[in-house]
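Residue numbers (this note's numbering), protein chains in the order written: chain F, 34 to 375; chain X, 194 to 500.
Bear in mind the hints are in silico, worked out from the structure with no lab data behind them.
So the derived list for chain F, only partly shown, Cβ under 7 Å to chain X, looks like this: (1) N50; (2) I192; (3) I195; (4) H244; (5) R245; (6) H353; (7) G358; (8) M366.
Straight-line C-alpha distance at most 20 Å; calculated EDC-like pairs for lysine to aspartate or glutamate: (9) X:K462 - F:D166; (10) X:K462 - F:E36; (11) F:K175 - X:D457; (12) F:K240 - F:D51; (13) F:K336 - X:E480; (14) X:K397 - X:D431; (15) X:K335 - F:E125; (16) F:K336 - X:E492; (17) F:K175 - F:D199; (18) F:K175 - F:E36; (19) X:K464 - F:D163; (20) X:K335 - F:D236; (21) X:K391 - X:D247; (22) F:K300 - X:E345; (23) F:K240 - X:E351; (24) X:K464 - F:D166; (25) F:K300 - F:E248.
Glycine included, C-beta positions come from ideal geometry on N, C-alpha and C.
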Amino acid sequence: MIEANRQGDVWVVAEQNDGQLHDVGLELLSKGRELAATLGVRLSAVVMGANVAEHADRLIRHGADRVLAAEHDLLGHYQTQPYAKVLVGLIERERPQIVLFGATPVGRDLAPRVASATRAGLTADCTDLDVGDHTEPVTRAKYRNLLYQIRPAFGGNIIATIVNPDRWPQMATVREGVMPMLDADPARRGEVVRFRPDLTAADAVLKVLEHRPAERRVNLKASRIIVAGGAGVGSKENFQLLWRLANALGGTVGASRAAVDAGWIHKDHQVGQTGVTVRPALYIAVGISGAVQHRAGMSEARKIVAVNSDPQAPIFQVAHYGIVGDLARVLPMMIDAVKRRV
Amino acid sequence: MAYNLVVLVKQVPDTKRITGEAMRDDGTVNRSALPAIYNPEDLHALELALELRDRYGGRVTVLTMGPPQACEVLRDSLERGADDAVLITDRRAAASDTLATSYILSCAVRTVARSAPVDLVLCGRQAIDGDTAQVPPQTAEKLGWPQVTYVEAVEAVEGGRVRARRNTGAGWERVECPMPCLLTVTDQGPEPRPPSAKRIMATKRARARAEIQQEAAVAMPGAAPDALAAEADRRAADLEARGLLLRQWTLDDIGADLAWCGRDGSPTKVKRIQSVVLKGSGFKRVEPAADAVAAMVHELIEDHTIG
Numbered sequence: 034m035i036e037a038n039r040q041g042d043v044w045v046v047a048e049q050n051d052g053q054l055h056d057v058g059l060e061l062l063s064k065g066r067e068l069a070a071t072l073g074v075r076l077s078a079v080v081m082g083a084n085v086a087e088h089a090d091r092l093i094r095h096g097a098d099r100v101l102a103a104e105h106d107l108l109g110h111y112q113t114q115p116y117a118k119v120l121v122g123l124i125e126r127e128r129p130q131i132v133l134f135g136a137t138p139v140g141r142d143l144a145p146r147v148a149s150a151t152r153a154g155l156t157a158d159c160t161d162l163d164v165g166d167h168t169e170p171v172t173r174a175k176y177r178n179l180l181y182q183i184r185p186a187f188g189g190n191i192i193a194t195i196v197n198p199d200r201w202p203q204m205a206t207v208r209e210g211v212m213p214m215l216d217a218d219p220a221r222r223g224e225v226v227r228f229r230p231d232l233t234a235a236d237a238v239l240k241v242l243e244h245r246p247a248e249r250r251v252n253l254k255a256s257r258i259i260v261a262g263g264a265g266v267g268s269k270e271n272f273q274l275l276w277r278l279a280n281a282l283g284g285t286v287g288a289s290r291a292a293v294d295a296g297w298i299h300k301d302h303q304v305g306q307t308g309v310t311v312r313p314a315l316y317i318a319v320g321i322s323g324a325v326q327h328r329a330g331m332s333e334a335r336k337i338v339a340v341n342s343d344p345q346a347p348i349f350q351v352a353h354y355g356i357v358g359d360l361a362r363v364l365p366m367m368i369d370a371v372k373r374r375v
Numbered sequence: 194m195a196y197n198l199v200v201l202v203k204q205v206p207d208t209k210r211i212t213g214e215a216m217r218d219d220g221t222v223n224r225s226a227l228p229a230i231y232n233p234e235d236l237h238a239l240e241l242a243l244e245l246r247d248r249y250g251g252r253v254t255v256l257t258m259g260p261p262q263a264c265e266v267l268r269d270s271l272e273r274g275a276d277d278a279v280l281i282t283d284r285r286a287a288a289s290d291t292l293a294t295s296y297i298l299s300c301a302v303r304t305v306a307r308s309a310p311v312d313l314v315l316c317g318r319q320a321i322d323g324d325t326a327q328v329p330p331q332t333a334e335k336l337g338w339p340q341v342t343y344v345e346a347v348e349a350v351e352g353g354r355v356r357a358r359r360n361t362g363a364g365w366e367r368v369e370c371p372m373p374c375l376l377t378v379t380d381q382g383p384e385p386r387p388p389s390a391k392r393i394m395a396t397k398r399a400r401a402r403a404e405i406q407q408e409a410a411v412a413m414p415g416a417a418p419d420a421l422a423a424e425a426d427r428r429a430a431d432l433e434a435r436g437l438l439l440r441q442w443t444l445d446d447i448g449a450d451l452a453w454c455g456r457d458g459s460p461t462k463v464k465r466i467q468s469v470v471l472k473g474s475g476f477k478r479v480e481p482a483a484d485a486v487a488a489m490v491h492e493l494i495e496d497h498t499i500g
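Only chain X is shown next, with the shape it has when bound in the complex:
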């Protein structure tokens, strides 16, 4: 029994390393000043997919929606063993909230399914930039599939059903879910395998068309659009011949209705963004000496903080 597995992954700014340079004066985040990483929980989702494929046979296709730079996570996925990778990129997808994003991703999954039915979609539980955990359940709803969230382990896939252990918040449970279905995987999921040196060598030149266009523009500054296009075509054809052209889909390729994408397709609007302002109130510096510390403890007892 071989399974057609799709993993939805995201390249995110490394929010744990936000420094002063990353924040603009108006309080917005300068994403390009932040190192971009593979969303951590998506790596666990990928690992789970790879393990299921290794165990049962099948194919793992990784999808990501983002600007051309997002190809980095596609190459990373191929280096770790994914069979195929697709970039969904389109300026008209910009400013998509979770609803619009989930709509676009559901169209992409349906597009993958045109070649062969998809059995399982796996996602990280949430991304570290938005922290919402909304895209996977919304994608499942748009596909009309059941969902199993907070998955920590898959015990078996058999008889058209997935048996998984999930965290319920109040404990855990083991569930059986018919396929096709969507799983979200937490950081308690299987430890991601490292990229293999052999695969790194094999895929490091892989590019999507959008990246090729950017690279051609850099290599030929001031060139006419025709010449750039011709050069991009030439490079793309060369990579394709060597199996190194990453697939790239626009919103048209996946049959998306533009009214459901981007700003128009997003019911949530950001009204305002503020940098976090630290407010101190009545700060007392206490010397690291026995008498000063004792005086502080005394004050806390006096005001009934310490009972």
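With the rest of the complex left out, here is chain F:
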């Protein structure tokens, strides 16, 4: 177990794959800057791979005061044990107080492994992070400046605030798109520590036989306008109306989990707690009831229009404009109105 170190850094484990830094690491640096400033400590980014020092500049411009770049051939392609070994070693040596990971398949594979090895607490899929005080209910012990790890639970029906009073470091994972990414500051300077960890073949027992990138069919995160359909759309044929509206608006099509599960649209279009979190200028929710898991993925859209035949649908409680009606009649009206102004 790692002793508490209240002077410790805030760390972001910056994932990279095939020479590309994952956006979620940069988003976490933005949040990490805020946490580090509140705590009055340094923000460090940890990046691991075969050749990763090249990412240091970008990580510094996005907020890191220091970059720890672990480089070794055995880290060339992600696998659990060598990455965990390096990270655990770094944590034991440097004793950060907070370690943040993106909640990507890599992050969700790596973070729990590291938390288990360090016997630390880990909270997955946080939708917010903050710093605050805590009093333990039973012992009445007081703690200052703990990391508040805030996340929905029970299918999104409750919001829980979790703290790790006695275990260090405090670890959390955050999904892509949840924290806004601040602009890079080209004037920022920082320290780069490049090193070769002690690893042998025995540390990397997995053999990767083949790997293929999957072309993402749609980039929801980058879309200004999203027209999303849910169970209420009713059929794959009816989804055509959403495609037409999206095209007229220059937007992309999204979906709730129900629509994806029904086979009307591919999983890549899914918005929500288990899909993608989006922050578009305009989100048009068609036939989506607005269950909390879905709302978690879109509630911060600047403007939300809801179309639903059920006036009681919870989506109306987060919408700016609500239309109670049959989408088969309302969507053509919208398409028409959008086209006419052109």
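Add chain X to chain F, keeping to what the hints say.
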């Protein structure tokens, strides 16, 4: 080549069907008001285990940690073809977070391994109540085993290695991992086979000791503890003779250090729980008529939402 396979499964509240009754006034969830189901991804993990056993020979043992009601998923597993099922139940395990849970499960796997080495542990990727996906990797770490997560298919098990296809988030990859190892299986894993009618008939009376005690107490209200215990023993012996006594382990049976279990063994503490409060801001109701819709579109163009 026969393999000793262990599947870790969980009974979870059906979080997709949460209604008003399920939430208490203080914002906590009333689990007993929710229908309990077999965690969906665990069913895919079980199916994968059964397919490997059918293909290569061996044994599938299902473990679950929970209150006596969790035996429902054990019976379900037996109905689908599992060979053995064990309930890990102990009040001192209550309030365990993922770290404490993974510690307890790793002790249970080691206990299974006392009879014969375990080759593979399979789990669903995550449970629908916690949604963390943390327990399987933490269990693998405690066992000191390699892990392969997000598995969608196993191509082969040979030469002491598993060859599997997994989702990497950015695509997929095929990996080869030495055994023993732990796999987590997603909902893209093999389609679960249904329970067989024959097995349903055969296992429906199967009970764990904890369930028998509860049933005896209901059948003999107001009975003295001695009499209840004697009745429970009698029923248990009867089921055991018919091969219907589900195995049950306490934290002592699996050699768990209590300091690592329950609240004491859990580094994460819930500070606060809030019901989700919907906040509406400036809601405008728009009639489903051409002119009202056009007026809305006009407003969205005016404020530059629509470019």
